[in-house]
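K.L.:
Taking the hints into account, I'd like the entire structure generated from these sequences.
Quick mapping for you: the protein sequence lines, in order, are chains A, B, C and D.
Sequential numbering from 0 applies to the first sequence in numbering that gives the first Met the number 0.
Sequential numbering from 0 applies to the second sequence in numbering that gives the first Met the number 0.
Sequential numbering from 0 applies to the third sequence in numbering that gives the first Met the number 0.
Sequential numbering from 0 applies to the fourth sequence in numbering that gives the first Met the number 0.
It is worth saying that the hints were derived from the structure and are not from the lab.
Every residue gets a Cβ at the ideal spot worked out from N, C-alpha and C, and that includes glycine.
Hints should not be assumed to be uniformly reliable.
[As the list claims (entries may be wrong)] Under the rule of at most 30 Å between Cα atoms (straight-line distance), these lysine-lysine pairs were calculated in the DSSO-like manner:
id : chain 1 : residue 1 : chain 2 : residue 2
1  : B       : Lys-143   : A       : Lys-128
2  : B       : Lys-128   : D       : Lys-128
3  : A       : Lys-25    : A       : Lys-143
4  : C       : Lys-143   : D       : Lys-128
5  : C       : Lys-128   : A       : Lys-25
6  : A       : Lys-25    : D       : Lys-128
7  : B       : Lys-143   : C       : Lys-25
8  : B       : Lys-25    : B       : Lys-143
9  : D       : Lys-143   : C       : Lys-128
10 : A       : Lys-128   : C       : Lys-128
11 : A       : Lys-143   : B       : Lys-128
12 : D       : Lys-143   : D       : Lys-25
13 : A       : Lys-25    : D       : Lys-25
14 : B       : Lys-25    : C       : Lys-25
15 : D       : Lys-25    : B       : Lys-128
16 : C       : Lys-128   : B       : Lys-25
17 : D       : Lys-143   : B       : Lys-25
18 : C       : Lys-143   : C       : Lys-25
19 : C       : Lys-100   : A       : Lys-128
20 : D       : Lys-25    : A       : Lys-143
[What the hints assert, rightly or not] Reference excerpt, derived from the structure (chain D facing chain C, CB under 8 Å, subset only):
id : residue
21 : Phe-71
22 : His-75
23 : Ser-132
24 : Arg-182
25 : Gly-183
26 : His-192
27 : Val-194
28 : Leu-199
29 : Gly-208
30 : Gly-211
4 protein chains.
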Amino acid sequence: MTEQHPAPSRVAVLGANGRMGAEAVKAVEAASDMTLVAALGRGDSLDQLASAGAEFVVDLTVPESTEANVRFAVEHGMHAVVGTTGWDSSRLAALEALLAKHPETGVLIAPNFALGSVLASAFAAKASKYFESVEIIELHHPDKVDAPSGTAVRTAQLIAAERAAAQVPASPDATTSELAGARGCDVDGVRVHSVRLRGLVAHQEVLLGGPGEQLTFRHDSFDRASFMPGVLLGIRNVAANPGLTVGLDGYLDLGV
Amino acid sequence: MTEQHPAPSRVAVLGANGRMGAEAVKAVEAASDMTLVAALGRGDSLDQLASAGAEFVVDLTVPESTEANVRFAVEHGMHAVVGTTGWDSSRLAALEALLAKHPETGVLIAPNFALGSVLASAFAAKASKYFESVEIIELHHPDKVDAPSGTAVRTAQLIAAERAAAQVPASPDATTSELAGARGCDVDGVRVHSVRLRGLVAHQEVLLGGPGEQLTFRHDSFDRASFMPGVLLGIRNVAANPGLTVGLDGYLDLGV
Amino acid sequence: MTEQHPAPSRVAVLGANGRMGAEAVKAVEAASDMTLVAALGRGDSLDQLASAGAEFVVDLTVPESTEANVRFAVEHGMHAVVGTTGWDSSRLAALEALLAKHPETGVLIAPNFALGSVLASAFAAKASKYFESVEIIELHHPDKVDAPSGTAVRTAQLIAAERAAAQVPASPDATTSELAGARGCDVDGVRVHSVRLRGLVAHQEVLLGGPGEQLTFRHDSFDRASFMPGVLLGIRNVAANPGLTVGLDGYLDLGV
Amino acid sequence: MTEQHPAPSRVAVLGANGRMGAEAVKAVEAASDMTLVAALGRGDSLDQLASAGAEFVVDLTVPESTEANVRFAVEHGMHAVVGTTGWDSSRLAALEALLAKHPETGVLIAPNFALGSVLASAFAAKASKYFESVEIIELHHPDKVDAPSGTAVRTAQLIAAERAAAQVPASPDATTSELAGARGCDVDGVRVHSVRLRGLVAHQEVLLGGPGEQLTFRHDSFDRASFMPGVLLGIRNVAANPGLTVGLDGYLDLGV
Numbered sequence: 000m001t002e003q004h005p006a007p008s009r010v011a012v013l014g015a016n017g018r019m020g021a022e023a024v025k026a027v028e029a030a031s032d033m034t035l036v037a038a039l040g041r042g043d044s045l046d047q048l049a050s051a052g053a054e055f056v057v058d059l060t061v062p063e064s065t066e067a068n069v070r071f072a073v074e075h076g077m078h079a080v081v082g083t084t085g086w087d088s089s090r091l092a093a094l095e096a097l098l099a100k101h102p103e104t105g106v107l108i109a110p111n112f113a114l115g116s117v118l119a120s121a122f123a124a125k126a127s128k129y130f131e132s133v134e135i136i137e138l139h140h141p142d143k144v145d146a147p148s149g150t151a152v153r154t155a156q157l158i159a160a161e162r163a164a165a166q167v168p169a170s171p172d173a174t175t176s177e178l179a180g181a182r183g184c185d186v187d188g189v190r191v192h193s194v195r196l197r198g199l200v201a202h203q204e205v206l207l208g209g210p211g212e213q214l215t216f217r218h219d220s221f222d223r224a225s226f227m228p229g230v231l232l233g234i235r236n237v238a239a240n241p242g243l244t245v246g247l248d249g250y251l252d253l254g255v
Numbered sequence: 000m001t002e003q004h005p006a007p008s009r010v011a012v013l014g015a016n017g018r019m020g021a022e023a024v025k026a027v028e029a030a031s032d033m034t035l036v037a038a039l040g041r042g043d044s045l046d047q048l049a050s051a052g053a054e055f056v057v058d059l060t061v062p063e064s065t066e067a068n069v070r071f072a073v074e075h076g077m078h079a080v081v082g083t084t085g086w087d088s089s090r091l092a093a094l095e096a097l098l099a100k101h102p103e104t105g106v107l108i109a110p111n112f113a114l115g116s117v118l119a120s121a122f123a124a125k126a127s128k129y130f131e132s133v134e135i136i137e138l139h140h141p142d143k144v145d146a147p148s149g150t151a152v153r154t155a156q157l158i159a160a161e162r163a164a165a166q167v168p169a170s171p172d173a174t175t176s177e178l179a180g181a182r183g184c185d186v187d188g189v190r191v192h193s194v195r196l197r198g199l200v201a202h203q204e205v206l207l208g209g210p211g212e213q214l215t216f217r218h219d220s221f222d223r224a225s226f227m228p229g230v231l232l233g234i235r236n237v238a239a240n241p242g243l244t245v246g247l248d249g250y251l252d253l254g255v
Numbered sequence: 000m001t002e003q004h005p006a007p008s009r010v011a012v013l014g015a016n017g018r019m020g021a022e023a024v025k026a027v028e029a030a031s032d033m034t035l036v037a038a039l040g041r042g043d044s045l046d047q048l049a050s051a052g053a054e055f056v057v058d059l060t061v062p063e064s065t066e067a068n069v070r071f072a073v074e075h076g077m078h079a080v081v082g083t084t085g086w087d088s089s090r091l092a093a094l095e096a097l098l099a100k101h102p103e104t105g106v107l108i109a110p111n112f113a114l115g116s117v118l119a120s121a122f123a124a125k126a127s128k129y130f131e132s133v134e135i136i137e138l139h140h141p142d143k144v145d146a147p148s149g150t151a152v153r154t155a156q157l158i159a160a161e162r163a164a165a166q167v168p169a170s171p172d173a174t175t176s177e178l179a180g181a182r183g184c185d186v187d188g189v190r191v192h193s194v195r196l197r198g199l200v201a202h203q204e205v206l207l208g209g210p211g212e213q214l215t216f217r218h219d220s221f222d223r224a225s226f227m228p229g230v231l232l233g234i235r236n237v238a239a240n241p242g243l244t245v246g247l248d249g250y251l252d253l254g255v
Numbered sequence: 000m001t002e003q004h005p006a007p008s009r010v011a012v013l014g015a016n017g018r019m020g021a022e023a024v025k026a027v028e029a030a031s032d033m034t035l036v037a038a039l040g041r042g043d044s045l046d047q048l049a050s051a052g053a054e055f056v057v058d059l060t061v062p063e064s065t066e067a068n069v070r071f072a073v074e075h076g077m078h079a080v081v082g083t084t085g086w087d088s089s090r091l092a093a094l095e096a097l098l099a100k101h102p103e104t105g106v107l108i109a110p111n112f113a114l115g116s117v118l119a120s121a122f123a124a125k126a127s128k129y130f131e132s133v134e135i136i137e138l139h140h141p142d143k144v145d146a147p148s149g150t151a152v153r154t155a156q157l158i159a160a161e162r163a164a165a166q167v168p169a170s171p172d173a174t175t176s177e178l179a180g181a182r183g184c185d186v187d188g189v190r191v192h193s194v195r196l197r198g199l200v201a202h203q204e205v206l207l208g209g210p211g212e213q214l215t216f217r218h219d220s221f222d223r224a225s226f227m228p229g230v231l232l233g234i235r236n237v238a239a240n241p242g243l244t245v246g247l248d249g250y251l252d253l254g255v
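P.N.:
What follows is the structure in structure tokens.
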């Protein structure tokens with residue numbers, strides 16, 4: 000799937016001292032079709048990107064600085080792959096306006112770089128309209144402060160939208176006597192259950208059920224390394240996708 | 000594990016027209032060490048048990064009649080294996096008083112005949128004190144009216160008791176922001192999640208987690224046939240266990 | 000997803016006394032948008048299809064009779080949904096020639112009517128090119144005579160083709176010391192493991208692995224009822240798809 | 000489960016520079032009822048154990064040095080917890096002879112310190128005699144050179160012994176047509192399947208099946224941290240168990 004490059008792509012990593020950034024530095028260095036030309040941390044000047052001749056910028060910084068970083072990249076004709084959060088609708092609108100003036104530059108903003116997670120959510124949503132019942136179980140380490148996870152909420156929303164468009168009725172549920180919380184929480188009509196267990200990292204199951212059958216999509220993230228194939232895939236495809244793309248699935252071949 | 004019998008055991012089934020009873024009739028007929036000597040339904044006289052020469056009575060009737068059935072069996076020196084619910088503490092006390100006068104007769108009252116389910120609950124409880132975290136997920140068909148299932152409640156209680164005795168602290172949980180119900184219900188300090196999905200029958204997972212590891216016990220009941228090995232095991236062991244035994248685990252060799 | 004019919008579709012079932020056929024009879028009778036107009040068994044005359052005014056014919060018979068059944072249907076302008084095996088390439092060619100003369104008639108030949116199974120295979124193949132490793136585990140009841148299952152072989156072939164097209168290298172495997180059979184069998188470079196266990200029906204897992212993550216697709220068939228949503232979906236879509244369609248996935252909306 | 004110590008136990012770690020040893024150093028330092036008094040690497044003199052006043056020695060070295068290390072500890076009245084391999088029957092016999100002269104000193108030699116793994120194997124073996132069918136699936140990273148894993152072989156042997164003692168027949172299997180390897184390898188009559196997948200660490204499932212039901216024991220090791228609770232449990236119990244104990248299960252309360 001790797002496109003052939005006559006010369007290695009020149010990649011810079013911003014936020015290189017953070018945990019994700021450090022992984023990205025290693026991943027770029029290990030990729031035979033890329034060269035790491037800069038690895039910037041907090042306080043380093045963005046001018047180094049230009050002097051290093053970066054063609055691609057990977058932004059894994061913090062919400063406070065990501066917008067300025069991406070703006071710098073686009074204004075200098077560098078493509079950007081962004082994993083930092085904080086991109087609300089007004090920031091996205093401003094970025095699109097900027098990109099309109101740089102029609103050959105691409106930016107990917109991806110809330111989730113785990114390929115398996117992105118694929119599982121997309122496929123589960125697509126399949127969910129063929130089944131009577133759907134529920135989600137997400138499982139994380141017990142130090143997580145929010146329940147359910149953001150990924151589970153997004154997956155439930157995707158599923159709910161797909162089922163609504165196909166006019167699938169709500170999942171059947173005859174419960175009349177419930178100990179409070181047993182049936183999980185409700186996200187757009189989809190029940191979501193959050194397990195917290197020492198030893199786990201980040202895991203999610205989508206369960207679909209029909210008469211006599213079950214279809215399950217399960218994704219396990221065991222460590223941060225799982226995000227790196229998605230980061231590399233982003234770098235390899237962002238130049239061929241000028242303008243703004245939100246979500247890694249925009250670069251994936253999911254049609255069956 | 001079958002004890003050798005010089006002649007096949009003479010077994011009668013009460014409630015033979017019910018769904019469980021009909022399965023029991025088939026199971027006894029198929030067992031080479033048993034002979035079915037009577038299959039009684041609603042309205043049939045218990046005197047047929049005596050005239051048929053039954054040694055063992057399997058009661059799979061209704062709460063209204065089970066006590067009289069078992070009393071009749073014990074008074075006639077027949078051992079009884081009982082799957083009917085409704086045995087509260089006063090009924091159990093009366094039965095024990097009766098058995099004291101018939102010291103060679105055995106009665107097994109089992110709320111759950113699924114061997115795998117009984118084993119899973121017992122082992123999970125025993126193991127739970129060696130792990131920081133424990134949660135339960137039970138999954139059933141969507142026509143079930145109560146959540147969580149009775150089996151899940153009993154399993155959680157067994158686990159809570161085992162952990163309390165070993166002075167294990169509560170499972171860690173840093174959740175500060177929760178969509179109502181996401182973290183399941185609380186049974187004696189154990190989180191229980193109830194999934195309802197078309198196509199399922201009755202399933203349960205106990206998840207134990209510690210640093211870097213997870214131990215999972217999963218039981219799947221696909222149909223009522225799953226209860227029959229437990230019924231047969233009950234018949235084969237009840238004579239060697241005079242007096243009252245509550246719970247199939249009383250006959251199982253679980254010591255490791 | 001149900002297309003609106005002004006009047007219920009008139010459906011005939013062939014092989015109505017077989018196990019699959021009997022299920023289909025029940026499913027058609029239960030569908031509000033269909034009317035069962037004929038249920039034929041071995042020896043019944045096909046002329047009854049015409050006299051009953053059937054618009055749709057469901058063939059769940061035997062390899063010896065399926066070709067004549069479908070030919071009769073097509074020649075009488077009836078759409079056919081076929082679950083019977085035995086359609087080799089020469090039979091398929093003859094059927095396509097016949098359909099060329101009846102351009103408004105549709106025939107669906109589906110080796111597998113379990114929606115979940117078809118979806119899982121299609122999605123797993125599509126996703127497999129994004130992961131270093133792929134293996135398949137199929138699990139069935141112990142009375143099955145062949146290993147691996149036909150579905151597992153087809154899934155492996157789909158995966159192998161998708162990975163070959165994307166030039167993905169073989170799954171890594173450092174095994175140098177193997178107890179014969181431990182690593183399963185090899186189907187087009189994909190390892191397949193066959194479990195046989197009392198209590199199971201038909202189950203399959205596709206496991207995809209990359210650095211730090213795993214993506215799993217699992218399908219469980221608990222009983223024959225699982226095929227009926229696929230049969231009904233076939234009936235509801237065959238008229239809108241004139242000509243020959245092989246495989247239920249031809250009617251599914253799988254593009255993401 | 001922690002026994003109360005009036006003063007923290009004085010613990011030394013041998014092999015402290017190895018991967019397991021480094022984890023053990025951290026685990027002992029973090030345990031409130033222990034004090035790390037020495038951490039020795041290759042070439043360090045064992046005399047430091049005595050001068051540091053060690054009461055407990057954790058040996059995580061190499062087969063070449065473990066015997067001398069343990070002998071030194073026992074001769075100096077220190078209890079030893081040993082995770083190093085290489086203890087064949089002649090070494091064990093020599094150690095028992097030595098311990099006979101030091102009747103108050105305890106030694107634990109444990110081939111596996113993962114509590115969950117030890118528990119899963121023990122429980123699965125115990126439960127296996129109540130089911131018609133049993134198979135094992137072990138799943139590891141693709142850099143592993145042997146298949147099946149040593150743990151899977153030992154689990155299969157435990158299961159085979161338990162079933163033989165209870166005169167349980169072989170698992171049923173009607174396979175007559177097999178693609179070579181599909182049905183896994185055979186360890187004492189138990190089928191074992193080995194999956195190798197990038198992203199995995201060490202995982203094992205024991206599947207038990209009977210009519211209409213399945214019981215599954217699954218253990219996941221996500222990283223080496225999973226061995227540390229077992230090491231600490233060993234240190235906490237070795238003094239109360241003088242003489243030689245082989246296997247962590249000797250210290251576990253598994254009776255149900």
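K.L.:
Provide an ascending list of the numbers of those earlier hints which the structure does not satisfy.
P.N.:
Hint check: 6, 16, 17, 19, 21 and 22 fail, others pass.
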